[in-house]
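Could you put the whole structure together from the sequences, leaning on the hints where they help?
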Amino acid sequence: MALLEIRNLHARVEEKEILKGVNLTVNPGEIHAIMGPNGSGKSTLASVLAGREDYEVTEGEVLYDGKNLLEMDPDERAREGLFMAFQYPVELPGVNMATFLREALKAIREHRGLPPLSPAEFMKLLKEKAALVGLDPSLKQRSVNEGFSGGEKKRSEIFQLALLEPRLAILDETDSGLDIDALRAVANGVNKLRAPDRAFVIITHYQRLLNYIVPDYVHVMVDGRIVRSGDKNLALELEEKGYDWIKEEVGLVA
Amino acid sequence: MTTTLTATTTRPEDRFLHAFEAYAGEVLNGTSEHLATLRRKAIERFSALGFPGRKSEAWKYTPIAKALQHPYKIDPMPAVPTLNEASLAAYAIPELDAYRVVLVNGRFVPELSAGSDLPEGVVLTSLETAAREHADLFEKYFAYYLDFENEPFLALNTAFARDGFFLYVPEGAALERPVHVLNLIDTSEELFLQPRHVVAVAPGATLKLIASGHSQSNARTFTNSVMEVFVGQGAEVHQYDLRLEGDRASSIYTTQAYLEGGARYTNGTLTLGGALVRNNVQVRFNDQEGEAHLYGLFLGRGTMHIDNHTMIDHAVPNCVSNELYKGILDDQATGVFNGKVLVRPHAQKTNAYQSNKSIVLTREARMYSKPELEIYADDVRCTHGAACGQLDENGIFYLRTRGLTLQQARAMMLLAFARDVLDQITIEPLRAYLDALVAARVGA
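Here the protein sequences line up with chains A and B, keeping their order.
The numbers in numbering that gives the first Met the number 0 rise by one with no breaks, and the one at position 175 of the first sequence is 174.
The numbers in numbering that gives the first Met the number 0 rise by one with no breaks, and the one at position 195 of the second sequence is 194.
These are computed hints drawn from the structure, not numbers from a lab.
Certain hints may be false.
Just a few of them, taken from the derived set where beta-carbon distance is under 10 Å, the chain A residues facing chain B [claimed, not checked]: (1) Asn67; (2) Leu69; (3) Phe85; (4) Pro92; (5) Glu120; (6) Val143; (7) Asn144; (8) Gly146; (9) Gln159; (10) Arg193.
Simulated DEER-style distance windows between Cβ atoms [stated by the list, open to error]: (11) Asp378/B with Leu116/A: 55 to 63 Å; (12) Gly388/B with His110/A: 27 to 35 Å; (13) Leu390/B with Gly176/A: 21 to 29 Å; (14) Arg219/B with Glu109/A: 38 to 46 Å; (15) Pro115/A with Leu390/B: 22 to 30 Å; (16) Asp116/B with Pro136/A: 42 to 50 Å; (17) Asn187/A with Glu373/B: 54 to 62 Å.
No experiment lies behind these values; they were computed from the predicted model shown.
Cβ atoms here follow ideal geometry from the backbone N, Cα and C, with glycine treated the same way.
Laid out in structure tokens, this is it:
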């Protein structure tokens, strides 16, 4: 069974229709890249999958592990193994990183029928996962994302991914605003987390990240639809030619 | 058709004036000549001032006259039920090693209060005993600066002042352990209570003072409490006031602090309980290089009404004041913050900071915030900020995408908001105690 099955998904924000019939199937172990020009609906798709309430699904369905994902609350989705790495992780002054992650991990482990970790086990795990993305382990003493640099925020998202061990991870423009070192660290983290039972959906504007994380499939999204799918070579083609030729092909640009 | 008109136009003030005359001969007498003179002056002022009416700016958001129409029993010497250690245990702060003072219905209970183990020279006793046995100290500090001429509740309290605690820390003394004053309300009568406390910390001395108010009973009561705090030259006082009363207890708490040169004063006022609660915290710098830090946290629920009025009087140059008040209003609760900073014409080099932030959780809850800066000097640094809003939806969403329930996410955000204030508390067992109380309140 597919891990994620998106069928004819339509969604709008306020009165504006943004997703206009998205179809996508993701199997366990696969890495899918979704590319596309600005405003094509990539991030909206990520938000709808994560459960943001600002978006209204008007048509279609999303099955996650055979269950109706759209009926689940955002936290239920997370406990079921869906993870979203945000493009702009929110800063939460006063919310301690370690406390937050301990609670999150506890909730997710409990859902999987696992006992909570002891404080020592938890701290050991934090250190281990922080090392995976080259994150300064003292960050755990700080407030969630507060005062983090752009690179630290993105590393922190992948660090959380590593800690919470999701079955499906969605990376929303994780590469935007990253210098080459941070980009490598993030990519290395993701590569180490590849597993036969885990899938990734990587949303990106540029091909750059895909030099480090090699996708099984590349999809191009234009005007709220996936208009073309292929393998990693499609990404290279896009890098070379830009998006306009695809827009032309699908008749969106004169 | 005939209509009978009955005389129902008696002002609530009259009941207090009559009670004063009824008690003046006995209960309110005999302690000291000094006090008797002050009382007479105070009741005259009260009579002239009356309770603040609807047009009073200082009471704009708190309908106090209405609250005082209830015929509370005015008794300067209310009965004190017998209490034992077991019944006090519920109000102890875990791990806190403190000198304990117990007041029940505003009356000092010596059997339950610290005594012989106090360091040499420290006076900790009832107001009445202090007036009798330490007349020099009493007359020096009691109502010395207190502005009862202009404030009706201070005048009223002064007129009826009969009991409360008196604490004196002599020059250079450092009380290692904090003093914890337990104010218990334990009555079946609808009492109007007026405790009066005096705290005098002599030059160079230090004091950590915790005062917590609790309800042992469920009768409707009203407390008009006044505490005068004198911080001598170079002295340091950390004061934390905890309002943990039940939802039938209304109160006005006024704390007036007077800071001499180089004195440092911290006031933390944390309101978690009560019906109508008005906290007046007033600080006056009497000499240069003084420093005052005012922290407030108020959590309103049900129909609670919590009004915080702070007043910092920069009467002299070179002083620093810093204020942070935060509130969370749930259900139909109302919160008020009015922070006045007065920088007088010659108070140059004043640094004054003020911040008030509130979260309003429901459509019915209300928050009124009013910074009031009056600056008459030109070489000063004063800032203020007020913000009021709802919980950050993006933050909640972020936490939920990591598996926390809506309830958990909200609680985590609210606790973080409150901790800004809680983390300023320098007495660790007290901080931990309040952190746990607040966590439980916000559902963490």
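Regarding the hint that Gly146/A lies at the interface with chain B, is the smallest CB-CB distance below 10 Å? 15 Å, violated
Report holds or violated for the interface hint on Val143/A, using the least CB-CB distance to chain B and a cut-off of 10 Å. 8 Å, holds
Leu390/B versus Gly176/A beta-carbon gap, inside 21 to 29 Å or not: At 28 Å between Cβs, range holds.
Do the beta carbons of Gly388/B and His110/A sit within 27 to 35 Å of each other? Since the Cβ atoms of Gly388/B and His110/A sit about 32 Å apart, the hinted range of 27 to 35 Å holds.
Could you say whether the range 54 to 62 Å given as a hint is met by the Cβ separation of Asn187/A and Glu373/B? Given a distance of about 60 Å, which is inside 54 to 62 Å, the answer is holds.
When you take the CB atoms of Asp116/B and Pro136/A, is the distance between them in 42 to 50 Å? Holds: the Cβ-Cβ distance is about 46 Å, inside 42 to 50 Å.
Confirm or reject the claim that Pro115/A and Leu390/B have a C-beta distance inside 22 to 30 Å. Since the Cβ atoms of Pro115/A and Leu390/B sit about 27 Å apart, the hinted range of 22 to 30 Å holds.
Interface restraint verdict for Pro92/A against chain B (beta-carbon cut-off 10 Å): Holds: closest Cβ of chain B sits about 7 Å from Pro92/A, inside 10 Å.
Minimum beta-carbon distance criterion (10 Å), Asn144/A to chain B: Because about 8 Å separates Asn144/A from the closest Cβ in chain B, which is inside the 10 Å limit, the hint holds.
Hint Arg193/A vs chain B: min CB-CB distance below 10 Å? 21 Å, violated
Taking 10 Å as the limit, does the beta-carbon of Gln159/A come near enough to a beta-carbon in chain B? Constraint on Gln159/A satisfied, holds at 7 Å.
How does the Cβ-Cβ distance of Arg219/B and Glu109/A compare with 38 to 46 Å: does it lie in that range? At roughly 45 Å between Cβ atoms, Glu109/A and Arg219/B fall inside 38 to 46 Å, so the hint holds.
Taken one by one, the earlier hints fail for this structure at numbers 1, 2, 5, 8 and 10, listed in ascending order.
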